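Peer 1: Knowing the structure of chain A, use the given hints to seat chain B on it.
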Amino acid sequence: MLKALRDIRDVRVVVFHPKDRECDELVAQLRRIGCQVEAIWPPREGLLPLADVVFMLFRQDGFTHVLLKALAERGPDVTLVGIVEFESPAVIEAVARAGVGAIVTKPIRAFGLLTSMVVAQTLSTREKSLLDRIRKLEDKLGGFRRLEKAKSILMTRKGWSEKEAYEAIRSRAMSARVAMDVVCSTIIDAEELTGP
Amino acid sequence: MAATFDLDRPLIVGALYSQTGPTAFVERTQYNATLLAIEEVNAAGGVAGREVVPVTYDAHSDPARFSQLAERMIDEDGASLLVGCYMTNTRQAVVPVVERRGALLAYAAPYEGFEYSPNVIYGGAVPSQHIVMLARHLMGAGGKSFYLVGTRYTFPIECNRVMMTLVAERNGQTLAERYVPLDAQRRELDQIVQDIRAKRPDVVFCTVVGEAATVFYELCAEAGVAAHTTIASLTITEAELGLMPPGLAEGHLTAATYFQSVSSAANWRFVRSYQARFGLQERLNAMAETAYSLTHMVLAAAGRARSVEASLLREDLAATPFQAPQGEIRLDAENGHMHLWPRIARVQANDFRIVEESAAPVKPDPYLINHAPPEWDIRPPAPARAVGV
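Chain order of the listed sequences is A and B. Per my numbering, the first sequence starts with residue 1, numbered consecutively. Per my numbering, the second sequence starts with residue 1, numbered consecutively.
In isolation and in its complexed conformation, chain A is listed as follows (with noise of 0.2 Å):
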């Protein structure tokens, strides 16, 4: 099964929306779902309670900006469900910056709110997966580069092969017990301080 299907109900979602009777039929809704849900209005500056998935009404207005600002700084573990009451580019235009996973629109019924949910919550554990896969690639294309660059000033320097200069790298890593990495970064520092 779906792991944002079967762990559904161990979801912490906090919706911030106007109180009034829509907000009530949201939060009766994913009580029904089975979520822990808590309602905050108004939102408070810097404080960001703890929340797998937040239901967030846009406007354009002062408690967007703070909302937004303090969602962006808890980053990609949060999943983001915009509600919206108005088409206009504007709010498009912020809906789609705000990396939103799924859109509610207004006037709020219950229908369609745990695809919606159970959607973002996929798509934004896609994205983390990925968001750790990019870096840990990165990572492993920086070792390729400077393998690269510390056997190049080997072989000028001391005017080994290609092969001897890994074989070098490679020796010293072993019997330093250090990565690989460790050594080539310590000869592209010390090229750095006494090159040319």
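Derived from the structure by calculation, the hints contain no laboratory data. Everything numeric in this text was worked out from a predicted model, so none of it was measured. Don't be surprised by glycine CBs; every beta carbon is placed ideally from N, CA and C. Do not rely on the hints blindly, as some may be mistaken.
From the structure, some residues in chain B lie toward chain A, with a derived Cβ separation under 10 Å [unchecked claim]:
#, residue
1, V95
2, F114
3, S117
4, T165
5, Q191
6, Q194
7, D195
8, V362
9, Y367
Listed next, the in silico BS3-like pairs over lysine-lysine satisfying Cα-Cα at most 30 Å (straight line) [claimed, not checked]:
#, chain 1, residue 1, chain 2, residue 2
10, A, K69, A, K19
11, A, K3, A, K106
12, A, K140, A, K106
13, A, K3, B, K144
14, A, K163, A, K3
15, A, K163, A, K69
16, B, K363, A, K19
17, B, K363, B, K144
18, A, K3, B, K363
Peer 2: Coordinates of chain B only, in the frame set by chain A:
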């Protein structure tokens, strides 16, 4: 608009059922039960003195026609309440109609859950109110390998999803999951029956609905499937048994919230009145009982609230339990579904003999996705009564 409550005029109730089509044989019993409830209400003085007048048309088991008829009943006939629907796609066709008009639909059948409308009262069971008990019963009796057969629509597909999860959690095995159309032909069903015979599962979980269900049981009997397999169902009721030659479904199981054999004073009264009105050979079933109880509940609430407005009726019903033939039931204020009595019965001498029943009504949880493992071991507050083997 639907919300006016004029004491000088009769109260029109739209009864949304099919008199022809593959599900008409069940919907006819739902319609009769709705009619019986309305007649009982009128005999007792009506709704706050207003006479209740039913309107009905033949919906042909066709969702598009259900939606048109709902519009006609509200807009032209002046119905302020609708009772009925059997298959999920017919309810789904009616929900937008009642939502737009601020009217109320009392839905008279079990379904797969995952719905909430402020304009609907859901009268039948959701999966947490029967599948869990059925799975526990089957696996407790040694069932390990399951074969799932259903009609291709939302209810069987979702029920099978729940059943497969429960079976897998208990290290059982699902051998196959097969679907047939509502108007399935004999040949198509027979291919499945031959496959069942070859695979020899411990359990066939059958959610084939309509007239095809009878054919399926017939073919299973011909193929001698019963020798090593129990057929378990949520939808084979007394209505389907009535279409089968005696003995065909002998030994097979159904989980439902009501059987005609429930022993309670309210049920004896219900069965007696129904048979007196529609014929002594007539049999009751869970869908008819739901239609009957729901009609009574909604009309009584309208009388107390002096209104047919959905929110007021729901508020009233959440606070007022009803002595239904299945036991005392009431509406859940949060989700608009009913607290109901899960039961399992075995076909014996062409009737259902109850072999297990909940000791207390079970709260509806229409949005429950993951039925296992925690719910599995949670027993009702008092242990379920075993009333047979």
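Peer 1: Quick check on V362 (chain B) please, does its C-beta sit within 10 Å of some C-beta on chain A?
Peer 2: violated, 16 Å
Peer 1: Next item in the hint list is T165 (chain B). Is there a CB on chain A closer than 10 Å to its CB?
Peer 2: T165 (chain B) check passes; min Cβ-Cβ to chain A is 7 Å, inside 10 Å.
Peer 1: Close enough to count: is the Cβ of S117 (chain B) nearer than 10 Å to one in chain A?
Peer 2: holds, 7 Å
Peer 1: Do the alpha carbons of K69 (chain A) and K19 (chain A) lie within 30 Å of each other, as the hint requires?
Peer 2: It holds: about 22 Å lies between the C-alpha atoms, which stays within 30 Å.
Peer 1: Any CB of chain A closer than 10 Å to the CB of Y367 (chain B)?
Peer 2: holds, 5 Å
Peer 1: Assess, step by step, whether the Cα of K3 (chain A) is no farther than 30 Å from the Cα of K106 (chain A), and give holds or violated.
Peer 2: holds, 28 Å
Peer 1: When the nearest CB of chain A is found for D195 (chain B), is that gap smaller than 10 Å?
Peer 2: violated, 26 Å
Peer 1: Given a cut of 10 Å on the nearest C-beta pair, is the interface hint for Q191 (chain B) held or broken against chain A?
Peer 2: For Q191 (chain B), the interface hint is violated, since the closest Cβ of chain A sits about 30 Å away, which is over 10 Å.
Peer 1: Given V95 (chain B) as an interface hint, is the shortest Cβ-Cβ distance to chain A below 10 Å?
Peer 2: Hint on V95 (chain B): holds, closest Cβ of chain A at ~9 Å, below 10 Å.
Peer 1: Taking only the CA atoms, is the gap from K3 (chain A) to K363 (chain B) under or equal to 30 Å?
Peer 2: holds, 26 Å
Peer 1: For the hint on Q194 (chain B), just tell me whether its beta-carbon gets within less than 10 Å of chain A.
Peer 2: With Cβ-Cβ at 31 Å, over 10 Å, it is violated.
Peer 1: Would you check the hint for K140 (chain A) and K106 (chain A), treating anything up to 30 Å between C-alpha atoms as holding?
Peer 2: violated, 46 Å
Of the hints listed earlier, those the structure fails to meet are numbers 5, 6, 7, 8, 12, 14, 15, in rising order.
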